[in-house]
Every structure is written in structure tokens, then in C-alpha cells.
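*Asks:* One-letter residues, chain by chain:
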Amino acid sequence: MAKIVLNTIINGENREFLADERDSLLEALRERLGLMGAKEGCNNGNCGACAVIMDGRLVNSCCVMAAEIEGAELNTIEGLADADSLHPLQEAFLENAALQCGICTPGFLMASKALLDENPDPSEEEIRWWLAGNLCRCTGYDKIIRAVQDSAQRINSSS
Amino acid sequence: MQSLTYQRATSIGEAVSLLQNGGDTARVLAGGTDLIVQARERKRDVSLLVDVKHIPELIGVSYSPDTGLVIGAATPLYQVYGNKDVKEHYPSIVEASSVIGGTAIQGRASLGGNLCNSSPAGDSLTAMMAINAIAHIAGPQGERDVPVEDFFTGPGRNVLEAGEFVVNIHIAPHQSGTGGAWQRFIPRNEMDIAVVNCGTYLALENGSVTNARVALGAVAATPIMVPAISEILIGQALNDEIIDMAADAASEAATPIEDMRGSVKQRKHLAGVLTKRTLAIAAERAQS
Ligand SMILES: Cc1cc2nc3c(=O)[nH]c(=O)nc-3n(C[C@H](O)[C@H](O)[C@H](O)COP(=O)(O)OP(=O)(O)OC[C@H]3O[C@@H](n4cnc5c(N)ncnc54)[C@H](O)[C@@H]3O)c2cc1C
Ligand code: FES
Ligand code: FES
Numbered sequence: 001m002a003k004i005v006l007n008t009i010i011n012g013e014n015r016e017f018l019a020d021e022r023d024s025l026l027e028a029l030r031e032r033l034g035l036m037g038a039k040e041g042c043n044n045g046n047c048g049a050c051a052v053i054m055d056g057r058l059v060n061s062c063c064v065m066a067a068e069i070e071g072a073e074l075n076t077i078e079g080l081a082d083a084d085s086l087h088p089l090q091e092a093f094l095e096n097a098a099l100q101c102g103i104c105t106p107g108f109l110m111a112s113k114a115l116l117d118e119n120p121d122p123s124e125e126e127i128r129w130w131l132a133g134n135l136c137r138c139t140g141y142d143k144i145i146r147a148v149q150d151s152a153q154r155i156n157s158s159s
Numbered sequence: 001m002q003s004l005t006y007q008r009a010t011s012i013g014e015a016v017s018l019l020q021n022g023g024d025t026a027r028v029l030a031g032g033t034d035l036i037v038q039a040r041e042r043k044r045d046v047s048l049l050v051d052v053k054h055i056p057e058l059i060g061v062s063y064s065p066d067t068g069l070v071i072g073a074a075t076p077l078y079q080v081y082g083n084k085d086v087k088e089h090y091p092s093i094v095e096a097s098s099v100i101g102g103t104a105i106q107g108r109a110s111l112g113g114n115l116c117n118s119s120p121a122g123d124s125l126t127a128m129m130a131i132n133a134i135a136h137i138a139g140p141q142g143e144r145d146v147p148v149e150d151f152f153t154g155p156g157r158n159v160l161e162a163g164e165f166v167v168n169i170h171i172a173p174h175q176s177g178t179g180g181a182w183q184r185f186i187p188r189n190e191m192d193i194a195v196v197n198c199g200t201y202l203a204l205e206n207g208s209v210t211n212a213r214v215a216l217g218a219v220a221a222t223p224i225m226v227p228a229i230s231e232i233l234i235g236q237a238l239n240d241e242i243i244d245m246a247a248d249a250a251s252e253a254a255t256p257i258e259d260m261r262g263s264v265k266q267r268k269h270l271a272g273v274l275t276k277r278t279l280a281i282a283a284e285r286a287q288s
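Protein sequence lines, in the order shown, are assigned to chains A and B. In terms of the working numbering, the first sequence opens at residue 1 and continues consecutively. In terms of the working numbering, the second sequence opens at residue 1 and continues consecutively.
Keep in mind that a hint or two might mislead.
[Unchecked claim] Listed below are several chain A residues computed to face chain B (Cβ distance under 10 Å; list not exhaustive):
no., residue
1, Leu18
2, Glu21
3, Arg22
4, Ser24
5, Gly48
6, Cys62
7, Cys63
8, Leu86
9, His87
10, Trp130
11, Asn134
12, Thr139
Because the hints were derived from the structure by calculation, they are not lab data. Using N, Cα and C, we set each Cβ at its ideal position, and we do this for glycine too.
Okay, chain B solo, but in the shape it has when bound (with noise of 0.2 Å):
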């Protein structure tokens, strides 16, 4: 491990200050799973890590019918897939957040480590972008809040400033006739990185659309939004047609590279095939 020293912040303002005078090199610490690694394999350097996990804004999960639900950035994933609020409101929050890891990985990792982390690939960003979740940010000149999908700016990269940190993720009340879903194609059945990974939110009146968001990981430099669907959909009734044109828009924006993981045409066609299947389940959502 590179030379470093770790500090543990108890409020906003002390992390805040930590991590300004630290410069470049300061870093959060959530659950270190990104983080403890990189730092060991010399793939960031760090001469500072600032614990933000005895913040009392960053741990736990609350949820109000009237203001929605603040999930702090440095919870462990098992208290957010496990809160009953979470799981009643928000199943496609659950369907990515309960995938992340195993159980070890998952007493650590946190939303907010995924997000900061921003990979391409990373599970819970398209969950969090389809369901328009807001990432709350402090920094030296106080605090902004900037929606998931407007966060990143490259692989690895995002809008945080330097001294800035994530404290919450806000998601708005759930209302009746909405519907969320998540999913992702790994060749084993856990434990791995995603090939492609969706996530869908429906708003329905009548039978018809009157909001759709659906957005696409590992296509791109960063995880996508795919307004075109939104387009395609609103004002519609869903049916088959509707949804294979919304599945042809998914392979369509999906801009992947080829890997290991995956050629170009195998990810375009699943950046489809998991629309499709995630709009679906939304729909169910949306009207049960």
C-alpha cells in the first residue's frame, strides 16, 4: 500500500475541510471496495482518505410520503435493499443494489461509493438515473444538488469539485401508477461485472404513458439516458409494437465498446433485450 494517512470526519464541515486542504490526493471513504483496492494496486494515487462513515447525514435510509426517500451516501448496501421502505417503494432500487458484490462487499459498498466511483458499469446508476434520483453535494462554497444523470462526465470522472463530497441521494415520493424495474446480464449468476445493465421507470394514466426514463449502463463512456424512448412512449398505450420500437431505440443510443465482457453487436442487442424486459415489469408495477 502506497504511504497514507486516514482521518475520520464526524460532521459535513470537517469532511469538507479535510478534504480541501488534503488537495488531489484526499479521497472519500465509504466502504473502500472500490477504493482500498485502487489504492493498493497504484491505480489512484491517495495520500489521504477522510472516513465518512460516522457522518450522521450519511448513514441510514428515511423515507416520507410527503418529501420521498433520503438514502445517506455512505450506507451499506444491505441497510439500503433492506430498509421496508426501500423495498415496498422502490424495487428496482432493490433489484440493483442486492446485486453489487456478495454479502461482504455488501456490509461495506455504498450508493454513493458507486456513484463517485462512476464507472460505465457500475449497477446502481441506471437504477438511480431511470428513477430521476438527485445526488445532494457539500462543498467549500456549501451545498448543490445535481440529478444522477447529470453526474458523470467520462468513465471515472464526474461533476464533484474539488472538497466537494456526495452527503444523500433523494429519490421523490413513490405515487400509485408508477413502476420501476432493473436489470443486467452477467454471464455467471452473480459476482461480476455487467455486460449491459437497464433501468426503466414508467408513469401510467389510463393506460397510457405519461412518463418514461430508461437508462442504459456499460453502452458508453458513461451510463446513457435514452430519451428517444421517452419520446417514443409518452402519450402511448404500451403494447408489443410500442415496446419493440422502444428496444430498437435502447440498441440504437447504446454506443458500447468491444471487451471481454462483450462484442459491440451482442451489447447493442442485449441494450434492447433488457429494455424490453425491464419496461415490461415496470408496466406490471405501474399498474398493480
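Bound-form chain A, shown alone (with noise of 0.2 Å):
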């Protein structure tokens, strides 16, 4: 199969790797780089358990091609925490008992980061439509919204 070379920045920090012409962005993100945060739910665009940010916006990874990241700036779940230091929405999703099996938990926490991103401080319905498209077998949401607020009065009361 046709490989092709991409560069990109993914977490800061620049990639040059090859991928096949026809692999997604998922695949590449996995099965290319090791990075296996990303999770393949179904990989028909419903769930959001692959969702990364890429140029500043949620895409789930499955419905984008791997080629098309090519020049583009990627966040994946990798990058979420500080060093040794959680991000406070991973926090407030670990004290808020907000995973249980934990699939969906990287896509909900980047795209609950892409929402804190841009509402710093989101009403319980606007995180309820903005995480609409991400979905959870286990928890029944509620914890996860709860999680969401939480985090956003945490990153609030310190900045």
C-alpha cells in the first residue's frame, strides 16, 4: 500500500511519521505513533471515544483521513496532563467517579477541554449539548457533567 510521509505537531511537539495513504487519523494515531489514548468505539463518527483537537477543534479522529493532518496541530489525550500533574479535568472525572470503564473517557475529556477552551464557564445544558455526541455505556452521564462543572470552577478559582 501506498505510504505517505506527514508532518504534524502533536502535543507540541513536531512529528514527522509515515502512514498509509488510507489510514485515518485513528488508525494512524494508534497503529502509526503508539498513541493509544484515542479509542475506536465505532468507528462511524457516533460515539466521540476517538474525538481529538485538531487546529483548535474537536473532530472525532475516526472520520478524518490521516493525510489530511498533514500541517496541522494535533492535541490528543497525551498531552492532557502536565508532566507528573493531572489536568483538573482529569481530576474532577477521577473525584467525581466519572469513568467507569473508562473507553469514553479520553474523547469526553477533550471534548470537555475543547469546551472549557471556549466557554470557560458553561451552563449544565451547554455541557450537555456540547458532550452530545460523545457517549457512555457505564456512567449515565450525570457524574461527567458534574466532573465538567466542577473542573471548570476549580480552573476558575485559580486563574
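Grab the two chains, each in its own frame, and use the hints to assemble them into the complex.
*Replies:* What follows is the structure, given as C-alpha cells:
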């Protein structure tokens, strides 16, 4: 299969790597770069488990071709924590028990990060609409919503 | 995924020649939210993806009171419904484009993609038809304009010829005394395919209707206009009785199929209900 060389910035680092021309971004992240944080839930755009941030926008990496990221900037779950200290969203997810099996969690965290970057003080309704494209089979969502509210508060009170 | 190549076009001319040389299985890639999934699931044969998002004319929204609204065909939806002129003058476009998928889909999906995917249930289609949006098309023979209401030829099919693609979507400048509205019915609150959707557009002068356009989706092989409603409403003052007549005409015009999303009876009923509701909202907007 045809291989292509891709140049991107992933979590602040320049990366040059080989991918298959028919790879999705999700496949490239997991299989070419060993970044296993983004998960394959549905592979058709419906679940959000594969969500990453591309040029500042939340996208489902299963619905992006790897070739499209040439020259783009990506943020993935692997870059969310700052070295050893967790991001406030990660802390709030842990403390609010906003995960069980954890398959949906990287997607929810990236989607929540994209939300708080754009709207640091979202209402519950805004959070629910924003996260409507992320599915969770375990938690029943309420704890996730609370975790996002909680971390918004933490971020706002510390800044 | 099937074996395919990816090319990034940076001009309209380059995209036309890539598509032309690529033959039947060359496809325009906009947001990819339909196409990448269809290619993976082999619902479409794709040998070449022509990424049009780096062509300047295909990205962005601009408005002028003289020439109207131009939406680049590949502009992601969040930029469409987030645009201040769209918000101010074209609420029906906001209503339709802000319910297509969730946040991650709206970061990529485009009106051009919704249009060219040509699903009978595509949500933005009835909003664009009602407001008489025009698709501006480029191709090997040059450029041409096709009203969105004349764009569809069957489920998943449209008027585009080999090598052609949609550059932008044009909507006439907003006039006072006019209003549009759009709604859909889905069993959940979000992230679902419409059982029925409906776009309306009204122009009023001294309380009487001078133009009325109603479009229905998911009730036939393509989204449809309901000219009977225009005939009922034009020249009349709006009141409950006449709006009920319009709703009945909508139910009658609907020739839906029966599937897991809804029965024929339910869809015909919904066509009437949504027509009634959106006409009421459009009238309010036209008067405000
Ligand atoms: C989870 C999920 C939820 C969704 N929810 C909805 C919904 O609620 N309502 C709805 O209507 N749709 C929905 N969709 C479908 C899809 O997101 C929309 O149809 C979207 O508008 C497609 O745009 P796109 O830019 O991603 O198109 P693409 O996938 O890039 O393209 C779609 C088709 O159009 C062609 N094409 C694209 N742009 C052009 C152009 N400029 N000229 C010529 N051909 C072109 C492509 O070749 C392809 O055949 C959903 C999809 C997913 C995955
Ligand atoms: S795996 Fe991408 S949205 Fe489900
Ligand atoms: S924690 Fe299991 S799917 Fe969300």
C-alpha cells in the first residue's frame, strides 16, 4: 500500500511519520504513532471515543483521513496532563467517579477541554449539548456533567 | 478501508482536473463525516479523495446587504451558525446547521457535503430550499448556478456531472418583512436522523403574504417543495384557518416510505405539524 510522509505538531512536538494513505487519523495515531489514548468505539462518527483536537477544533479522528493532518496541529489525551500533574479535568473526573470502564473517557476529556477552552463557565445545559456526541455506556452521564462543572470551577478560581 | 489516494486541491481549476482525471470513483472530500464512513463501509467505491478544504473560495462566510450571503461549500458548520450575519438574518440556516451531529461533527461537516450527499433527510436541505439558496457549481465546462430546490434527482443523487463540484451557496440579501424557520422531528433531543424536517420562508406586506415557500424532508425520494402551499398562502392574510389549510397541503404532498424511524401515517402527520409550527415562527420573524 502507498505510504505517505506526514508532518504535524502533536501535543506541541513536531512529528514526522509514515502512514498508509488510506489510514484514518485514528488508525495513524494508534497504529503508526503508538498513541493509544484515542479509542475506537464505533468507527463511524457516532460515539466520540476517538475525539482529538485538530487545529483547535474537536474532531472525531475516525472521520478524518490521516493525510488531512499534514501541516496541522493536534492535541490528544496523551498531552492533557502536564508532566506528572493531572489536568483539572482529569482530577475532577477521578474525584467525581465520572468513569467506569474508561473507554469513553479520553473522548469526554478532550471534548470537555475543547468546551472549557471556548466557554470557561458553561451552564449544565451547554455542557450536555456540547457532549451530546460522546456516548458512555456506564456512568449515566450525570457524574461526567458534574465533573466538568467541578473542573470549570477549579480552573476559574485558580486563574 | 479500500485502497485510495488523497490529493489536496488548492484552486478550483486544480480540483476540477483532479476530479475529471480521477473518473467515477474520484470524490470530493469536505468534512468527510459522510464520505469517510461510506468509503470504509464500502457503501461507495472511492479511489481518489480530492480534499477541497484548502481552496480559498470553499471556506468562509461573507454577507453584504447588496449581494447577500455566500457560504463556502466546505465551511465547517460551526463557522456557519456562529457567523454574526447568519445569526442576525438567517435563523433557519442556524436552526438546521446547529443540529447536524454533535460538536465534533460540526467541527468538520459542511453544507456542501450535506447538499452533495443528497440524503432525502439531510437537515440543511429544506432550510436552503425554502430560502431559495443557489448552489454555485464549477466544472470542466465552466461555472453554473442551480437552485437547491432543483439539485436533487433521487436518494443520494443530484445534478452534478463528472468533474463538477459545488463552490459555494448563495442566499439573497435579507429583506425586512421576511422570515424563515426550520424544524425537524426526531425521537431523541439530538444526534439523530430526521423522521421529517421542514423549512419555511414567508414574505409579508401589510399583513398579507407576498411569498411563501415550504420544503419538506424525509417524506419522499428527495426533499420536496410544496408549491400547493404557496398557492394557498400568497395574497392572503395569515390566520389559523389558512395555516391549517397549508398544513393539510403538506400532509398531502408527503409521500413517505415506512421504515424503522416512522410510519407513513406518522410522517404525513408530522409534515403538517412542522409546517404549521414553522410557518407561525416565520410569520413572527417576518413581523419583527
Ligand atoms: C454522528 C453523525 C451524525 C450526523 N447527524 C446528521 C444530522 O443530524 N443531520 C444531517 O443532515 N446529517 C447528519 N450527518 C451526516 C453528515 O454529517 C452531513 O451530511 C454533513 O453535512 C456532511 O458534510 P461533510 O462536509 O462531512 O461531507 P463529506 O462527507 O465530505 O461529503 C459528503 C458527500 O458529498 C460530496 N461532496 C462534499 N462536498 C462537496 C462539494 N463541495 N461539491 C461536490 N461534492 C461534494 C462528497 O464527495 C460525498 O459524496 C451525521 C453524520 C454523523 C457521522
Ligand atoms: S470511534 Fe470515532 S466516533 Fe466512535
Ligand atoms: S465509562 Fe464505560 S463507556 Fe463511559
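*Asks:* Going through the earlier hints one by one, which of them does the structure break, listed in rising order?
*Replies:* Of the numbered hints given earlier, those the structure breaks are 1, 8, 9, 12, listed in rising order.
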